[in-house]
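Okay, so the sequence shown: first residue is 104 according to my numbering, each after it adds one.
It is worth saying that the hints were derived from the structure and are not from the lab.
All values reported here derive from a predicted model rather than from experimental measurement.
One thing to keep in mind: the hints can contain errors.
Stated by the list, open to error - Mimicking DSBU-like on lysine-lysine, the simulated pairs with C-alpha atoms at most 35 Å apart in a straight line are: (1) K203 <-> K299; (2) K139 <-> K170; (3) K167 <-> K139; (4) K160 <-> K347; (5) K167 <-> K359; (6) K286 <-> K139; (7) K145 <-> K286.
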Amino acid sequence: AEFVSLPASLLDRIHQSDELIKLLTYLLEACSLIGKGLRECKFSSEVVGSTNSFGDKQLDVDIKTDKLIFDALLASGVVSTASSEESPTEVQLVDVNLLKGSIYSVAFDPLDGSSIVGANFAVGTIIGVWPGVGLLNRTGREQSCSLMAQYGPRITVALAIAGRHMVNGESVAMELTFIEANKWIVSKPQLTLSPKAKTFAPGNLRATADNDNYRRLVQYWIEHQYTLRYSGGLVPDVYHALLKGEGVLSNASSLKAKAKLRLLFECAPIAFIVEAAGGASCYSPSEVDLLSQAAGESLLSVLDVPVSDLDRRIGLCCGSLEEVQRFHSYMTGK
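Assemble the whole structure, with the sequences as input and the hints as a guide.
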């Protein structure tokens, strides 16, 4: 089969001496195979009887997409360490002593939204790429690039690349679309989030039962007639904001409805894209009793939160700047 090709309009913007181009080629190949596999019913949404180390039940589609990405990372020859939400350990893929040039470490969620894939909702893949060896104790701001693939009527990718890899020295967020003949095109050269928003995607609403701050925030959005855009999938809900140029996604927690989003595999890569698009992200402590301790503190970007544990889970808000600031104000009781 013919391997995917990257668009010239993307290649012209990245330093040609960088192995990141090679890695991106393999990652986009994996995303195209997952997207086509979903359409051709090559993956099942049936539970296979196994669980990952987090205790989550695994579906056939989880295991097969996980293998596709691991295979791509190994084949690229530039990845030393990888970790997946389905295989949450630091796996050494290649002896770093055998690698020449740039070396990368990659964390990913192979199929975010596997619980809604059976209903044929849009789902996605989330990938973060860090320079060097290892993922533990890194921060999202160190990423070289991150991408969020969405599998819906089209196969698309929101891609962010750090300025140090770009010819003009500036970070960028763009959209790529997969077309026939195994090609990707740059469908939107620049994704941009406006500071103001009128759409909202409130995750983990069960937390409003015993988190009064979150309940008041959601009520604010309703009373001020914001438009609800929530599918239950992290990827499509963030993607909607990126493509519309405005919006906010929130996912707070409480003592009874604990944080579920993982910093390494979901939050850090997504925050990297959102901030490259001119938006903002906000870390919220994972339990409501810690929020009182955060009162008065300044907004902390998700990109500055260290991965102290591969399973570290946090509260998250990302999107348009003014709404992220509003989330922080409400959550800290300001």
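Against the structure, the hints:
1. With a CA separation close to 45 Å, the supplied pair K203 and K299 exceeds the 35 Å bound.
2. As the CA atoms of K139 and K170 are separated by approximately 15 Å, the hinted pair is consistent with the 35 Å bound.
3. For a cut-off of 35 Å, the pair hint linking K167 to K139 stands: about 13 Å separates their Cα positions.
4. For the hint pairing K160 with K347, the CA-to-CA distance comes to about 34 Å; that is within 35 Å, so the pair holds.
5. For the given pair, K167 sits about 33 Å from K359 by alpha-carbon distance, which is consistent with the 35 Å threshold.
6. At roughly 13 Å between alpha-carbon atoms, K286 and K139 fall within 35 Å of each other, so this suggested pair holds.
7. For the hint pairing K145 with K286, the CA-to-CA distance comes to about 21 Å; that is within 35 Å, so the pair holds.
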